[in-house]
Structures are given as C-alpha cells and as structure tokens.
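S.K.: One line per chain: the protein sequences are A and B, in this order.
First residue of the first sequence: 1, per our numbering; consecutive thereafter.
First residue of the second sequence: 659, per our numbering; consecutive thereafter.
Incorrect hints may appear among the rest.
[To be verified] Straight line, CA to CA, 25 Å or less: simulated SDA-like cross-link-like pairs of lysine to any residue:
1. K397(A) to R851(B)
2. K219(A) to P205(A)
3. K259(A) to D147(A)
4. K96(A) to D145(A)
5. K397(A) to M830(B)
6. K440(A) to D852(B)
7. K474(A) to H882(B)
8. K375(A) to P388(A)
9. K375(A) to L439(A)
10. K397(A) to G753(B)
11. K474(A) to R982(B)
12. K474(A) to G1003(B)
13. K386(A) to Q750(B)
14. K440(A) to D825(B)
15. K474(A) to Y904(B)
16. K381(A) to G753(B)
17. K386(A) to A752(B)
18. K437(A) to S503(A)
19. K386(A) to G753(B)
20. K375(A) to A827(B)
21. K304(A) to G234(A)
22. K437(A) to A827(B)
23. K440(A) to R824(B)
24. K474(A) to D933(B)
[As the list claims (entries may be wrong)] If you want the footprint, here are the derived chain A segments under chain B, 3+ residues with CB under 8 Å:
25. 288 to 299
26. 354 to 368
27. 397 to 406
28. 437 to 449
Keep in mind the hints are simulated off the structure, nothing from the lab.
Built from N, CA and C at the ideal position, the CB exists for glycine as well.
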Amino acid sequence: MSTARARVGAIALLALAAGAAYAACGGRQDGTSGTPTGGTSVAQLMQERGLSEADVQAALKTYTPSGRKDEYLMFGSGGHSGQVVVVGIPSMRILKYIAVFTPEPWQGYGFDEQTRRVLEQGDRPGEDIRWGDTHHPALSETAGDYDGEYLFIGDKANARLAVISLKDFVTRQMVAPSILRSDHGAAFVTPNTEYVMETSQYPAPIDGSYADVTEYNDKYRGAVIFWKFDRKRGLIDQTQSFALEVPPYMQDLADAGKKGSHGWAFVNSFNTERSYGGNMESRPPLESGASQNDMDYMHMINWKRAAELVSQGKAEEVQGMKVLRLPVAAAEGVLFMVPEPKSPHGVDVAPDGESIAVGGKLDTHATVYSFTQMKKLIDAKSFTGKDPYGVPILPFKESIRGQVDLGLGPLHTQFDGQGNAYTSLFLETKVARWSLKDLKLIDKVSTHYNIGHLAVAEGDTVSPDGKYLVAMNKWALDRFAEVGPLLPQNFQLVDITQPSAMSVLYDMPIPLGEPHYAQIIKADKVKAMQIYAPGTDAVTHEKAANVVTGGSERIERKPDGVHVYMTVVRSHFTPDTLRVKQGETVHLHITNVEQAYDATHGFGLASYNINLSLEPGEHADVTFVADRPGVYPMYCTEFCSALHLEMAGYFLVEPAAK
Amino acid sequence: MRPALPSLALLVALTGCARVEASSQPLPAPAPWRVERPAACDSVPPGELGEKLAAARPGAVLCLEPGRHPGPVVVPGGVTVWGPRGATVHAQGAGSVITLAGAGARVLGLGVDGTGGRYDREDAAIAVRADDAVVSGVHIQNAVFGILVNQARRASITDNEIVGQRDVALGMRGDAIRLWETSHSLIARNQLRDGRDLVVWYSPHNVFTDNVATGGRYGTHFMHASDNVVRRGRFVGNVVGVFVMYSHRITIEDSTLLDCSTAGGMGVGVKDSGDVVIRRNTFVHDTSAIYLDNSPGQLDERDVIEHNRFQLNDAALVFRGIVRGNEVRLNDFQSNRDTVLVEGGGNAREALFAGNRFDDYAGYDFDTDGVGDVPHEVRSLSGQLASAHRELVFFRGTAALGVVEALGRLVPLFAPKTLFVDGTPRLVDATAGEERHAH
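Isolated chain A, as found in the complex (with noise of 0.2 Å):
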C-alpha cells in the first residue's frame, strides 16, 4: 500500500507541477481524444489530449515501438466469421486473421484444390458448409504447457473441430463427425495432447436418424469425442478416436485434467431438466425449462479408463465413430455426475490440477471442486444416487473444496503463477481476481461490457505467466465511434501485474464476429517459417505433386484438360497467355519460384471467382472450367514490387464453334 500511495502522491505533484505551467488552460470534456495541437512536453501533450497520469501510464505499458515485437501472441476465436484471429500482446496489434471454416481470399483459403480440399472436409451429406461459428481454441500442449506447434478450434455450428499448425499459421484439416450436429466444448486437449476433446451441445439422436423431440429423453444424445492427435503428423487420427455417449443434458465447456487429475477430463452442462421447448405447444420455452433445477452436472470422465475399455472391443461403431455407449460407461467407472451451480460456463482446472474452478452464471460465487476428494468419493463408491441414465452422483458439499463470494455472474475462470484465480462476471461486467489458495476476493476490475471469457498469459496451463489479462466483452455500447447497430466486440488488456489492483490498459474492438475464448502463449515458443521449401504443399508441408520450376513451364493438353504448369516470381507469371476454348477444363498450376521472405504474390482471375495466394515456394492447383468466352485479365493481387502493376497478363477464352 505504500507503493500505491506513493503514487497518489506522484500524481498530486505532477498536478501540482503540470498546473503551475497550464493553469490558464481547459480540460477536455467530451470525452473524446483531442488531438495534439504541436504540444511537445508530455505534460503539455496530456492536457492537449485529456488524459490523465493513468492513461499515461496504460500508454506506456502497451506502446510497442515500430518495429519491436510483443512478448504475447493471443489465439481469439473469430466467432462467426469462422476464423481464428492473432493479436500481439501488450500492443493488441491484429496480425492475422487465419482462414479456418470459412473461404478467404486474402489466403486463398478455399480457392486453390489444396485449401478446398480442407473445407470439404467439414461438408455434410448434401451441403457444402462455408460458414463456422468458431468457440474455442486449444494451443498443442506437451506436459501441460503450451508447445506452440498446433492450435485447434471448434466449430459450434457444424460441430467442426480444425487443426491449425503454426509452422505458417494454416488450417490443414476438418474432421466433421456424423454424431453430432452442434458442438460446444471443442477444443481442449490433453496435457501432452494425446487427445483433444469435442463435446457436443445440443442433443441429437447420435445415429442420425429421425426422431421427434418428445422423444428427447429416449433417443436423444450427447457425446463427448476424443479425438486422437497424431504429433507426428500434424493430424487427428479419425482410426484411433472414440466418443463417449453421456445423457441428453446440453453439455457445454469442457477441460481436461493434469498433473494429479491426469487421465481425467470435466465437462460442464446446463439443461439437466431435459427441457426441449414447445412454447406453442403448450411446454415451457426451452429457456425457462432448462434453467429449473437448481443445480446441474459436471461430467467427470475417466478418459483413460474409457481409452482401455475402446481398445477391449467394448464400443460400437456409430456412424463411423467408435462409441462408449452409456451404460457401458456409467457401470464401468468411465462417467461420473458431481452436482454444480446451475447454468454455469467454465469448467477450469487449476494449474496444479487439484481445484477445478466452476462458476454459475446466475450465482454470486465460484465453486471450487477438490480432485482428491471426488476421487475419493469415486473409489469409496459413495454415491447419493443415479441421474436417470444411471450415472453415479458425487455428493456436492463432498466434492467441494469451498466457494468463494465473488459477485454477481462468475463464468470462466483463469490463472496466474501466484496462485491466483480471475474469473469473469458477465452480470456485473468485472473480473474478480482470488485467491486460490485461501478462497478468498482479492480485488475487482471494472470492464465494457457483459464480459464472456477471459485470457491469462499461459493461464490454462500447468505454469501459468500471469502479467496480463485479455477480458473479451460483448457489445462495446459506447466504447468507440457509432458504427451502426451492430457494435463491434471489446478486447480489454488488463494489466495483473500489480498486486494492489488490477487496470484496464486498452480497448482493443473485434469488429468481425463474436469472439468466445482465446489463449494467450509466450511468442517465442512460436517457430513460424518464413518461407516454404520450393514446391511446397502449404497444408501438408510435402512437396506438391504438380510442382513447377523455373524453366518447366509449360502448357499441356490431355485428356481431362488443358493443364498451364506455371511459375510466378517478380514481376511476371509464365506464361502470361493463357488460352482455351470454351468448354474445356482448366487445370492451373503454380508454384511461386520465390524463396524471399518477403515475395508473396497473388493470382486474381476476372469473373471466374478465382484468388490464389502463394507465399514464396508455396504450390497451388486450381481446376475449373472456361465456360464463358471472352477476355479475361488476370494479375497479382499483392503489391510484390516496383512493378506488380505490371505483373498481369491475360486468360482467353476462344468461343466455341457453333
């Protein structure tokens, strides 16, 4: 405390001092920034401006100089727009976004065969998916830590889940399983991702057939899939994976165990009333339904033991998935119900992997769960009952460690290296940060508005930085200029640092979709490859098979097509003419011969919904078909040189004979 009122006094000297030399001056009143009229003093430039030594010291603590780069990268979750977002940490500099369920030009991202490929992945029987809502992603982790190889993220909508690398920050695969047709909890992995985990959302029979919803209790399902994760390859091995079946609740968030919890994951879920709306059919709204009982279930799931009793022939092939049919994992001590605050968000385990940190949205208190004594409970059997699908109950006040009064709205929780806990309070819009250890209300941050989730530096993992918090609040309201009724979303770097009080250092808008959950990782645990190997197959990393060197360029017609085998480099393509008739199927080939690091070109084709992105030594196919004649200029679509103006050339299209 004396630090702090040390430092009220060095504002009330610097007011004082600041006010000897201004005192003739106005302060802003309008609450927006002012702007410098030639000012050069700090001082000066603050009351130009209208900020105080606070905001001045928020500058200073996330003020990245031009060309010093961030001790964070964040991974957001892009919400609608189907992507992932990268921001840098302090600065909250963007800097990228990465294509994932969505088709994006910038990347080509579902133009060129190989991105398209990816994308259909994710399509269902009959429909091409080109959106996604994506939730929350899940950095690789190797002993609980994040490793910074691999970034996964689900997709609620669809019930996708990605698989990014972060060798060049590309999707390179969808898995799309049948048994589900929304998702929530997905991703979360495992400390040394042996699996990563995707919970479904809203119930459905999982064997995809029909059946009317008053049938819910019966025949509707949720399931919980870990899907195995193949390191060496970068891929989800769909062979090796399994699901469990557990009780049509809606399960929500998921996290996985570690450290003494290992081998053990926890999912949340709401709706334990097993509500399914009719509001015009004279039930209550699924809403009102599905928020009546006071208390609902976190899952607790023995994933190893599930993983043995998979590799003993004691699952069924639904849809192509090996599942853990439900009384098979309720008599075999796979699932276990542990009674928590209704409605609740986060299921958070704490680094050490004892406290699993669970907050009730409509509850003024965290929950926090003790392993050990669960555990207990599990091998002494001791039981208050079954839900209606036998799955054994834990007693609640049994399997708590205690609860912490926090506020109003506790919903997802994270952690700092000094045994501390922040958790978010969407209905009172702070972050409550708390002792772990003695659970007890250390302080709060105000933040803008209807806070969702939040990030700490490395906060999920077994060794968490701390140092700063990410709040990712809904609907900015009145944060940043009008842009409309659809308001942007508000990213709020929160200094933690301070063990007196947290504070707000910046707001940061998210104007494309509704972010839900990101994670924060050291940026030097991030080995991101500056170029591709000649030839490269950007979402394999092999070498492409249509891959084209400098002098190899050539255009051939066989039989399914005319094929261009062409090269691009500063400042020209080869060739430069392409033309076809009508009617024929053209198969494009390039390959950006370039190995600079800073040689990206485009590939923009007039009329024929075609960009390509290729990055130096990256290969890309395109196949489509000329079917209106006509001229066609094609060009680079990134300013590669001095002359990328002139980087153009032309696809003609010789009318057919009548």
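Starting from the known structure of chain A, fit chain B onto it as the hints suggest.
M.R.: Leaving out everything else, chain B in the frame of chain A:
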C-alpha cells in the same frame, strides 16, 4: 479489496444522523404464524397423516395433533392441512416434505422440519404444483429449499417463517421461496432468514409485500418477470436486496435495503430492464445502493428513482452503459461516499436529476423557496479516477486524494468532469411530506 467500513452503529453514532433511525430499528417481530384452528376438522395423530390425506376429498380439513408427523406427504386439491405450533411434518431424508398437488390445497400453521438433501432435485419443505394454493403461517427450518411454487396461478404465500442454515455457506443453501412460471400470486409478510434467494423467474403479475429477507444472497431476484411489485420489503444483510434482470414494469417501493455491503453488494440492481420505478425506499450502507446496468434498455422506456433516501452507501447510484431514460427526482442523498459513479468513465448527464437534496450542495437559498439558487453540479476528479482505477477508492477521504481533487479543480491537467447536474437542488429533505409506508 476496499477498507472495511466501521460498524453501522459506530457510523450512526459518529454522524448522529437521524435518518438512520428507521434502519436501526429492531426487525419486526416474527411473522404471526399462528393460524387459528379451523372450526371443524378431522384430528390427525402423528403417523396417520399420509393415510388421512390419501383418503381425503375436496373440502376435507385435517388438523394435526401436536407432535412429529412423518413426511413426505401430498395434499390433494381442495384439502386443508392445519397444524398448531407444536405439530411438525418431518423429512425422512429424501425428496420434498409436503407437496400441494391439487388446486386449492392449503397448508396452514404447521411446522416443517428438514428436507431431503438433494440440491439437484430441489428437495423442498413445501412444493406447490397447482393453482390457488395457500401456504400460510408455516414455520420451516433445516430445509434445503423452502417453498417452491411451480407453474401455478393465484398462490397465496403469506405469514410464513423460513429459517435457513446460518452455519452453511451461502452458496450451499437453497432458495427460501421460488416462484417459477407463476403468476397473479401474493407473497406477503414472510420472514426469510439465512436462506439464499427469493427467486421470481418467468413469473409476471405478482405482489410481494411486507416480506423480510435477511442474511441471504438475493432478497428478491426477478428474471424475465415483468409487472411485479415489491412493497414495504425489508432487505437486510443480503448480497443484493432486489435484482431485476430482463424484466419490465417493476415497482419497488416503501422498502428498506440495508447493509448489502459485500464486494458485489447492491440494494437494488437493474440489468437490461426498463420502466422500473424505485420510490420511497431507504438505502443504507450498501456497496451500491442502486446499480443500473444498461437500463432502461428500450428507447421508449424510462426508470424513475424518486423520494428515496440514500445514506452511508459506498455509492448511491452506479450507472453502467445506458444513462438516458433515468429520472432521479426528489431523493435525499446524505453521507454517501459517492452520489454517482459511472462505470467505465463518462458521466450521467443524460439522466434527469431534479429536486434532490445533496449534503454537499454548496449554494444558498436566498429566496427561501427551498430550492438552491444555483444548480448542483458535481465535478468529481477522484470519482472519475476511482471509476477508472478502483485502487484509488482506498484513498478516498485521505489527504493525498484530497490534494488531487483540489488541484483538479484548480488546474486543467486533471480537469474534473461534470458527472451530473441537478438544476433544482433542494435544501430541505426532498422526501419530506411524501407519504411513506415503510415498516
């Protein structure tokens, strides 16, 4: 987090403020839960209640003899069960103790001791599942949940005493009373001690009057529950006195909201709601007396805060997000640390302030009309700094922050911003003369 306040008694002594007298009065006597024995009834000795109820027809009246009557029991429609003070229905370790299953079922006067222990199944002392039910004069103790009213109309829940478990952590208790999809009901003169919440969800058109809730979490919690009235309530030592979420046309009047002083403490909290009227209430020693979060949410709505007394609160009015549409009239603000705070900076100038009395008003009233001669404009540097940097709350009242405040008024570097303006501040108690109906 923030320095502990001196005890309320000490503050009262130091300030000598007469206004606190209302809140320092002893709590009202326990609810008059004795209900006269019906003139004609069928006497039920211990052990026969279940059997008698199974045979009862509409219109039957059962009078329990003193003693322990084992539950659980189900009261059919049109049947009345009465008990004297010494008759209690006891839980047997599982489920709800008394269920009112048919229309017009009544439970009067008796005691209920305990429930099952399942939080996930809402083991209640009394579960009401039918229209026109009456629960009156009942004493409930050792229950996980008290009285749960589910999908009912015209319930009458009056004069009951529900005692929670003080030694059990707040989050481990169940609701004292819960209304769920219930309407047109009367909840009156109930005493709720050391329970958790009085929950009103999806339940419109109810009246809550003369209830006392102490030592709980939410004195009353409205969620998607419009057109409700809270009248003459007494909410003491709860985390939140009354919380209004996603609801409209709520009136809270003539109530006392005292000592909601935990970290998230609020006398009244209003979130994404509108057309809320808060009048003639007394707010004392709350962390935030009234917290307005994004309310009124709709453009055609307004919130009215009038004739209230605010004393010894950390902050009397806290705005977050929307400010416009709030009318703050004829209130009395005395000895609050902050009269107005705006979370996230900004100001409350879009709210209407009129005719309020402020203890820090520095003007005169030369024409003796009771209204100050100059507007009351609050320009607070420390408030605005503390709003953005909560750690500075610690320094309120200290010389250090006083220097900052003083300098802020003198020099432009830390120019204080106008938080709000009351153009017609009163010098006399703005609530005087207004008929009040508090206890």
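S.K.: Are the hints correct? Go through all of them and say.
M.R.: These are the hints, each one checked on the structure:
1. K397(A) to R851(B): holds (21 Å)
2. K219(A) to P205(A): holds (6 Å)
3. K259(A) to D147(A): holds (17 Å)
4. K96(A) to D145(A): holds (23 Å)
5. K397(A) to M830(B): Status holds; Cα separation ~8 Å.
6. K440(A) to D852(B): holds (21 Å)
7. K474(A) to H882(B): This hinted pair holds, its Cα atoms lying about 20 Å apart.
8. K375(A) to P388(A): holds (22 Å)
9. K375(A) to L439(A): holds (21 Å)
10. K397(A) to G753(B): holds (17 Å)
11. K474(A) to R982(B): holds (20 Å)
12. K474(A) to G1003(B): Distance ~18 Å between K474(A) and G1003(B) Cα, so the pair holds.
13. K386(A) to Q750(B): holds (19 Å)
14. K440(A) to D825(B): OK: K440(A) and D825(B) at ~18 Å, within 25 Å.
15. K474(A) to Y904(B): Status holds; Cα separation ~17 Å.
16. K381(A) to G753(B): holds (22 Å)
17. K386(A) to A752(B): The given pair, whose Cα atoms are some 14 Å apart, holds under the 25 Å limit.
18. K437(A) to S503(A): holds (23 Å)
19. K386(A) to G753(B): Between K386(A) and G753(B) the Cα gap is close to 14 Å, so the pair holds against 25 Å.
20. K375(A) to A827(B): holds (23 Å)
21. K304(A) to G234(A): Distance ~22 Å between K304(A) and G234(A) Cα, so the pair holds.
22. K437(A) to A827(B): This hinted pair holds, its Cα atoms lying about 17 Å apart.
23. K440(A) to R824(B): holds (19 Å)
24. K474(A) to D933(B): holds (24 Å)
25. 288 to 299: holds (count 8)
26. 354 to 368: holds (count 5)
27. 397 to 406: holds (count 5)
28. 437 to 449: Answer holds; 8 residues pass the 8 Å Cβ test.
The structure meets every hint from the earlier list without exception.
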